[in-house]
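S.K.: Assemble the whole structure, with the sequences as input and the hints as a guide.
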Amino acid sequence: MNLDTNQINHIRKKVLSNKVSCIKVGMATCGIAAGAQEIYDFLIEAVKKSKVDVEVRKCGCIGACYIEPIVEVKIQGLKPVTYSKVDIEAIKKIFEKHVLGKKVVTDYLIDEEGSSKQVRRVLRNCGIIDPESIDDYIGSDGYQGLIKALKSKPEDIIETLKISGLRGRGGGGFPTWMKWNFAKNISAEEKYIICNGDEGDPGAYMDRSILEGDPHAVLEGMVIGGYAIGARKGFLYIRAEYPLAVERIQKAIEQAHDYGLLGDNILDKGFNFDLEVRLGAGAFVCGEETALIASIEGKRGYPRPRPPYPSVKGLWDKPTVINNVETLANIPAIFDKGGKWFASLGSPQSKGTKVFALTGKVKRSGLIEVPMGITLQEVVFDIGGGVLNDKKIKAVQTGGPSGGVIPAQFLDTPLDYESLQNLGSIMGSGGMIVMDEDDCMVDIAKFYMRFCVDESCGKCAPCRIGTYQMLEYLKKISRGQATEDDIEKLQDICVAVQKAALCGLGQTAPNPTLSTLKYFNQEYLEHVKDRKCRAGKCARLLTYHIIPKTCKKCGACFHVCPVKAISGNKNEGYIIDNNKCIRCGKCYDTCRFNAIERK
Amino acid sequence: MVKAKINNIEIEVSKGTTILDAAKKINITIPTLCKHPDLVASAACGICVVKVKGTKKMIRSCCTPLEEGMDIITHDAELQKVRRTVVELILSNHPNDCLQCPRNNNCELQRLTADFGIREVPYPQFLRQLPVDASTKTINLIPEKCILCGRCVHVCQDLQDVWALSFIERGHNTRISPAGDINLSESPCIRCGQCSAHCPTGAIAEYDQTGQVWNHLYDDDKYCVVQIAPAVRVAIGEAFGHKGGENFTGKLYAALRRLGFKAVFDTCFGADVTIIEEASEFVQRFIHKKGKLPLITTCCPSWVDFMEKFYPQMIDHFSSAKSPHEIVGVLSKTYYANKIGVDPSRIYMVSIMPCTAKKFEISRSKEMFISGYQDIDVSLTTRELGRMIKQAGIDFSGLDPEEPDHILGDYTGAGLIFGATGGVMEAALRTAYNFVTGENYKEIVFKDVRGLKGVKETTITIKGVDIRIAVAHGMGNVEYVLRRVEDAIVNQKELPYHFIEVMACPGGCVGGGGQPYGVTDKLRVARANGLYNEDDAKEIRYSHENPYVRKLYKEFLGEPLGEKAHKLLHTRYLPRPLYKK
Chain A
0 MNLDTNQINH
10 IRKKVLSNKV
20 SCIKVGMATC
30 GIAAGAQEIY
40 DFLIEAVKKS
50 KVDVEVRKCG
60 CIGACYIEPI
70 VEVKIQGLKP
80 VTYSKVDIEA
90 IKKIFEKHVL
100 GKKVVTDYLI
110 DEEGSSKQVR
120 RVLRNCGIID
130 PESIDDYIGS
140 DGYQGLIKAL
150 KSKPEDIIET
160 LKISGLRGRG
170 GGGFPTWMKW
180 NFAKNISAEE
190 KYIICNGDEG
200 DPGAYMDRSI
210 LEGDPHAVLE
220 GMVIGGYAIG
230 ARKGFLYIRA
240 EYPLAVERIQ
250 KAIEQAHDYG
260 LLGDNILDKG
270 FNFDLEVRLG
280 AGAFVCGEET
290 ALIASIEGKR
300 GYPRPRPPYP
310 SVKGLWDKPT
320 VINNVETLAN
330 IPAIFDKGGK
340 WFASLGSPQS
350 KGTKVFALTG
360 KVKRSGLIEV
370 PMGITLQEVV
380 FDIGGGVLND
390 KKIKAVQTGG
400 PSGGVIPAQF
410 LDTPLDYESL
420 QNLGSIMGSG
430 GMIVMDEDDC
440 MVDIAKFYMR
450 FCVDESCGKC
460 APCRIGTYQM
470 LEYLKKISRG
480 QATEDDIEKL
490 QDICVAVQKA
500 ALCGLGQTAP
510 NPTLSTLKYF
520 NQEYLEHVKD
530 RKCRAGKCAR
540 LLTYHIIPKT
550 CKKCGACFHV
560 CPVKAISGNK
570 NEGYIIDNNK
580 CIRCGKCYDT
590 CRFNAIERK
Chain B
537 MVKAKINNIE
547 IEVSKGTTIL
557 DAAKKINITI
567 PTLCKHPDLV
577 ASAACGICVV
587 KVKGTKKMIR
597 SCCTPLEEGM
607 DIITHDAELQ
617 KVRRTVVELI
627 LSNHPNDCLQ
637 CPRNNNCELQ
647 RLTADFGIRE
657 VPYPQFLRQL
667 PVDASTKTIN
677 LIPEKCILCG
687 RCVHVCQDLQ
697 DVWALSFIER
707 GHNTRISPAG
717 DINLSESPCI
727 RCGQCSAHCP
737 TGAIAEYDQT
747 GQVWNHLYDD
757 DKYCVVQIAP
767 AVRVAIGEAF
777 GHKGGENFTG
787 KLYAALRRLG
797 FKAVFDTCFG
807 ADVTIIEEAS
817 EFVQRFIHKK
827 GKLPLITTCC
837 PSWVDFMEKF
847 YPQMIDHFSS
857 AKSPHEIVGV
867 LSKTYYANKI
877 GVDPSRIYMV
887 SIMPCTAKKF
897 EISRSKEMFI
907 SGYQDIDVSL
917 TTRELGRMIK
927 QAGIDFSGLD
937 PEEPDHILGD
947 YTGAGLIFGA
957 TGGVMEAALR
967 TAYNFVTGEN
977 YKEIVFKDVR
987 GLKGVKETTI
997 TIKGVDIRIA
1007 VAHGMGNVEY
1017 VLRRVEDAIV
1027 NQKELPYHFI
1037 EVMACPGGCV
1047 GGGGQPYGVT
1057 DKLRVARANG
1067 LYNEDDAKEI
1077 RYSHENPYVR
1087 KLYKEFLGEP
1097 LGEKAHKLLH
1107 TRYLPRPLYK
1117 K
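First to last, the sequence lines map onto chains A and B. Residue numbering for the first sequence follows this note's numbering, starting at 0 and increasing by one per position. Residue numbering for the second sequence follows this note's numbering, starting at 537 and increasing by one per position.
Because the hints were derived from the structure by calculation, they are not lab data. All C-beta atoms, glycine included, are put in the ideal place defined by N, C-alpha and C. Treat each hint with caution, since some may be false.
Said to hold, decoys possible - Some, not all, of what chain B presents toward chain A, calculated at C-beta under 7 Å:
1. A580
2. V585
3. C599
4. V618
5. L625
Claimed, not checked - Mimicking DSSO-like on lysine-lysine, the simulated pairs with C-alpha atoms at most 30 Å apart in a straight line are:
6. B/K593 to A/K312
7. A/K312 to B/K539
8. B/K617 to A/K488
9. A/K517 to B/K589
10. B/K560 to B/K539
11. A/K563 to A/K531
12. B/K541 to A/K312
13. B/K593 to A/K317
14. A/K536 to A/K579
15. B/K989 to A/K298
16. B/K592 to A/K312
M.R.: Okay, structure coming up:
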């Protein structure tokens, strides 16, 4: 059944006027991992038994991962209430008192702090609507952008996009209107639009949450894009490790088909467009656009040189626009509310909002959405609630394995593309990891380099061999076996790989190493010259000592040492021979009296 | 046209010219290890980077077209350092055994290392212990020496359409191998050796059999005879520092005698015989309607292998005539052995070929043993012969030219041009026209079948009847031709062609997988011209006019396509699986 504009608006009104009581359970991957399925099952059962007129619904992630599972209770006549860290005992209580007894339970109320500086545009529906219901999406202004876009000409769409100032959210920050314009201006029988959902940075899950929480927004963005550039076919390339996202997108495609929002003659405007999902097999490099195209074509996921750019010669050599999930999720609202509305937020060069996955040593970790231009300080302290255990902040890493480490002295840096780049990092897709004084910068560089070694596709020599050699040097440094000369060699390789690698993966692989070398050079030198790791992370550089004053001579350490590096007896006490010690840390963990120090 | 500057030198090139090629035009060499003129740039090595003045980014010159107004810097301190570091990184992942390497003195990585003056590799060496794949007994895969430039994979997949080689695993574990990590001999490999001809290092090399030949040359019980293929004479000089395309036929005969061969034959004679059989076959099929059309030539063993694997439904279209080198082989152990009174069991027949697949052809089916012995005992490539001549201390360039042995060395210009793409067709047409009309065609040169165009199509008229012809070289060009034929057969339309020549290697045998390294289109043309020039100078240029071929039929073979000729000079083809197991 092909719906027209009036029918869509009719559904919208119907959903908006729906005033039934409902309970929403956050059922994105993070919620399910925290136990939301059990809560959901209980509610379904409980509602059935008690025959109360309440709807139990699933919704996506609202972003507060540190307090999942989250349940929102909306009972007619009462203010909606959100509960956090809900376990089975809690939900029993909430159901009993709040749902049946109409009294709010105060024990599990969500902490609203940290949301004041956030602006939810991309995540506006995540955790609010049922991602598996197209009516819900329509009810929250869904497909209004498409209705308006299809009334205008493709060149007007590009103009609106230009006014909005939207830039790619996948890493590079290329102006979206330019990509679309290139593809639009080439005349070709076939064109394609691709959604890049191959999110792979360690610790980043912005795209997953959007796909799981608001799949129709991405779909709508793609249909608008398809119309603007003249494509009749689009692909969603989503990594196979995101089964829920794939399931929900597929469901969304079906529903959009049912309403005629995909397929032939969309909204009766004579525009045909269809979507297909393709699964990524888990190679990080397939997030690079040319490798992604090769992968869809059924070839080995190898990047190829550019130019020609995909907007000229992409999928099956046809003009192709590739946009990241978050970029596409931004599109519907731009066309519903206008380019100027979008550009009203942000900094001069970077407009709108950005979603970040705030993780690491931060009190309130999770998915956040902030206006571009907000400072790191505000993100970490006002939104994130500061460093875990109130330790001292050392640095913030942005952009994952392609990004850099920004030291604490630059916390007042505004979050926009250019400012981050000037510091040797990148915006990236939105990973943000807070580090405290217990984090070793050599160790961090090593972590990201290992990731790049594992994920290098092997095509170009600088990346394939360079990342391997850089990791070897970082390992050598962390073991205290390196010389200052080695640091210089490491630096040389970094520069060569940055300059000579073929694709973005290789060119940016040295960033974590280069930025730590720049801002934390002293720490590297300590590893090399003093054989010390001030954060206590590099195991081979640690020595263990028994503090005689504190030692209770219990002998627990003596018994647990696997290499008999501890000698002594219960009368005279114990001593660790650091020549024999293999730094496994077992004695340290075993001692109940904190009598073993590690330095 | 595009106007730009490279190193402050103004240059105007046609649109689409890469920075690398544009620089070459003004005598600036930008080093690269992966770009080959035959192939689309894969941009794998990262050495050809250059800068646009005023920007920090480096771009790959091999695949970036020069654009209007660009201001390119190809050499400065930063670029040199980056390039050097990349070469050093590659060396840190490459065995340090140049002295024992098949490509010693002839390796692109070695040359680059020498040019950069790298005296020590600053980074610790890490190597992968990977086994050598010698399963085909024609080309060896030595993955440890591979720098993953990807040329062989692109040659195998794009140029040759065989898809035997691919990349497997990833990151620093990436290596070249047939898909599924099987042996090359179990893969669709057609042994054309183009991978080895394009490899910049010693990672793919011919299966060396010079030791075997030396042993037999020094064995008094053996009567060693040899034959040289047409394309060898115009390429062997390159092994001794001569320009490609110079014809060294006479010096080659002399060198082979000095090596110890008791008789020196020429494959061109076999080619003349092949033409008598093949032209007769064509006349039989075309005029007498016996057998299927189009007739397809079968001199190229890689092509035969390809067809048996990929197009077995076309087997009936194949000429059953053996390749020239097999014909000289069988004649040497029958006709010649009888003539000189030597027991054929003592005759040791060596063939010098521009080809790696010939090593496979000599034992490909029981028809190759029709003399009662293996008709050819061993087949060497041009490269192997070059090394043998050097090992024997022969000053090749200074030798006086000699003549071949009678009669298996007496050839015509038609037999000679077999070495270039279109040559078999041209030689066959010269004779077929005569067989049908009783007179020779008005022109001796068939220009339309010469040159490097991938598929050459033309029509000649014999007695008012049009004969449509196609010549394809490089396996990637075959599909177009065969698809047209299949399409016509299936839809019962008029055949697009009556006679088709196919050679597996681009340029034909002159560009063969066993020829000296460094082949480009320029070299292919030069080598082909070396053959055409000799043809021009030959007194007899028609196979059917070769008096010794006539003598052979009269004395020994009987009629063309007759019983004896059929037994000795023809073979059969069988469908073969793409993958063994």
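S.K.: Take the C-alpha atoms of A/K312 and B/K539, compute the straight-line distance between them, and say whether it is at most 30 Å.
M.R.: Status holds; Cα separation ~24 Å.
S.K.: Do the numbers back the hint for B/V585, that is, is its least Cβ distance to chain A under 7 Å?
M.R.: OK, holds: B/V585 within 7 Å of chain A, min 5 Å.
S.K.: Need the status of pair B/K617, A/K488: alpha-carbon distance at most 30 Å?
M.R.: OK: B/K617 and A/K488 at ~12 Å, within 30 Å.
S.K.: Closer than 7 Å between Cβ atoms is the bar; does B/V618 clear it against chain A? Give me holds or violated.
M.R.: This interface hint holds because 5 Å falls under the 7 Å limit.
S.K.: So, as I understand it, the hint says B/C599 touches chain A; can you test that by seeing if any CB pair is closer than 7 Å?
M.R.: 4 Å, holds
S.K.: Could you check if B/L625 really has its C-beta closer than 7 Å to a C-beta on chain A?
M.R.: Constraint on B/L625 satisfied, holds at 4 Å.
S.K.: Going straight from one Cα to the other, do B/K989 and A/K298 come out at no more than 30 Å?
M.R.: At roughly 29 Å apart (the allowed maximum being 30 Å), A/K298 and B/K989 satisfy the hint.
S.K.: Measure nothing beyond the straight line between the CA atoms of A/K563 and A/K531; if it is 30 Å or shorter, mark the hint as holding.
M.R.: 24 Å, holds
S.K.: Compare the distance between the alpha carbons of A/K517 and B/K589 with 30 Å, and conclude whether the hinted pair is satisfied.
M.R.: Holds, at roughly 26 Å.
S.K.: Need the status of pair B/K592, A/K312: alpha-carbon distance at most 30 Å?
M.R.: Holds, at roughly 26 Å.
S.K.: Under the criterion that the straight-line Cα-Cα distance not exceed 30 Å, is the pair B/K593, A/K317 satisfied?
M.R.: Judged against 30 Å, a Cα distance of about 27 Å means the pair holds.
S.K.: Hinted pair, alpha-carbon criterion (30 Å max): B/K593, A/K312. Please report holds or violated.
M.R.: Holds, because 23 Å separates the two Cα atoms, which is no more than 30 Å.
In summary, this structure violates none of the numbered hints.
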